[in-house]
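**Q** Protein chains in written order, with the working numbering: chain A, 19 to 163; chain B, 8 to 124.
Do not take every clue at face value.
[Claimed, not checked] Heads up, simulated DSBU-like pairs for lysine-lysine below, C-alpha to C-alpha not over 35 angstroms straight-line:
{"hint": "1", "chain 1": "B", "residue 1": "48", "chain 2": "B", "residue 2": "63"}
{"hint": "2", "chain 1": "A", "residue 1": "64", "chain 2": "B", "residue 2": "46"}
{"hint": "3", "chain 1": "B", "residue 1": "46", "chain 2": "A", "residue 2": "58"}
{"hint": "4", "chain 1": "A", "residue 1": "58", "chain 2": "B", "residue 2": "48"}
{"hint": "5", "chain 1": "B", "residue 1": "63", "chain 2": "A", "residue 2": "58"}
{"hint": "6", "chain 1": "B", "residue 1": "46", "chain 2": "B", "residue 2": "63"}
[As the list claims (entries may be wrong)] Covered by chain A, per the in silico footprint, the following chain B stretches (three or more residues, Cβ under 8 angstroms):
{"hint": "7", "region": "22-32"}
{"hint": "8", "region": "88-101"}
Treat the hints as calculated values from the structure; they're not laboratory data. Glycine included, C-beta positions come from ideal geometry on N, C-alpha and C.
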Amino acid sequence: MATTASISITSADLMPGSSLNITASSTLTKAGVTADLDQKESGVMKLVTGTEYRLGPLATEMAGDAHDIASYLYVHNRTTEDATYYVDWGIHETMIGRLYAGDWMFIPWSASDDGAEIEIEPQGGTNIIEYCLFNSDVILPTAAS
Amino acid sequence: MATLIPTLTLSSTDATTDLLNFSITDSLNITQDVVGPSKVKLTTSDLEIGPTSYGKSYVYLKNTDETIAINIEITDGNSAMQLAAGEFAFFPWTGVAGIVAFSASGTPYLEYAIFEA
Numbered sequence: 019m020a021t022t023a024s025i026s027i028t029s030a031d032l033m034p035g036s037s038l039n040i041t042a043s044s045t046l047t048k049a050g051v052t053a054d055l056d057q058k059e060s061g062v063m064k065l066v067t068g069t070e071y072r073l074g075p076l077a078t079e080m081a082g083d084a085h086d087i088a089s090y091l092y093v094h095n096r097t098t099e100d101a102t103y104y105v106d107w108g109i110h111e112t113m114i115g116r117l118y119a120g121d122w123m124f125i126p127w128s129a130s131d132d133g134a135e136i137e138i139e140p141q142g143g144t145n146i147i148e149y150c151l152f153n154s155d156v157i158l159p160t161a162a163s
Numbered sequence: 008m009a010t011l012i013p014t015l016t017l018s019s020t021d022a023t024t025d026l027l028n029f030s031i032t033d034s035l036n037i038t039q040d041v042v043g044p045s046k047v048k049l050t051t052s053d054l055e056i057g058p059t060s061y062g063k064s065y066v067y068l069k070n071t072d073e074t075i076a077i078n079i080e081i082t083d084g085n086s087a088m089q090l091a092a093g094e095f096a097f098f099p100w101t102g103v104a105g106i107v108a109f110s111a112s113g114t115p116y117l118e119y120a121i122f123e124a
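Put together the whole structure using the sequences plus the hints.
**A** Here you go:
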């Protein structure tokens with residue numbers, strides 16, 4: 019499953035006399051090796067205010083070896099409301115940033131332990147996100163008997 | 008005020024039978040401080056590249072090394088991500104917690120930029 023991520027960041031007016039044009043590209047692989055990732059999970063979620071959500075598995079829910087902790091996370095806030103609507107994102111209890119309507123993020127994420135989970139929490143009202151998680155083996159929960 | 012336009016493209020011919028190929032873009036108003044594209048040599052010791060003096064911002068990171076991984080912590084000691092060789096990240100950041108970078112080994116170079124909205 020060879021997946022490629024590319025980014026460009028441009029601006030014609032950020033720095034006078036010098037337009038900005040950053041480009042980068044990489045192939046998504048398992049940690050420390052060039053092997054492709056095995057799994058992809060994607061979807062659209064409606065996030066209700068007052069609730070913290072976890073995106074992706076916990077470390078203990080992932081099978082495999084040290085190469086399998088690498089994941090890549092893409093999140094886009096599809097909310098069309100005003101600037102009072104946003105989604106806080108963070109790792110465990112550390113809030114890192116806010117995805118306002120139309121914003122997106124892409125990060126490599128290492129599920130190194132259960133205290134490194136991705137948390138998101140909508141603010142201002144119901145937010146809608148689309149997301150895509152590329153990772154390796156995940157242990158499915160045991161069905162209720 | 009300046010306009011920053013970040014665009015991400017994800018593509019794969021074999022992730023699923025449904026071909027993956029999409030681009031997402033945004034238009035961001037940048038009105039405050041900017042760290043333009045910069046490149047710094049890291050060691051295994053912490054280096055703060057994003058101090059908490061920043062407010063609402065967008066961060067670009069890229070590991071330019073061909074073999075060595077770079078660790079990123081947001082609040083020192085709180086592991087946030089590991090950039091393998093050649094990998095990049097782009098994410099919104101509030102500046103509440105500082106961004107710290109250090110190498111897994113050796114002295115790789117980190118390319119980074121910070122755009123404060």
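**Q** Tell me the numbers of any earlier hints that the structure contravenes, in ascending order.
**A** Going through the list in order, the structure violates hint 2 alone and respects the others.
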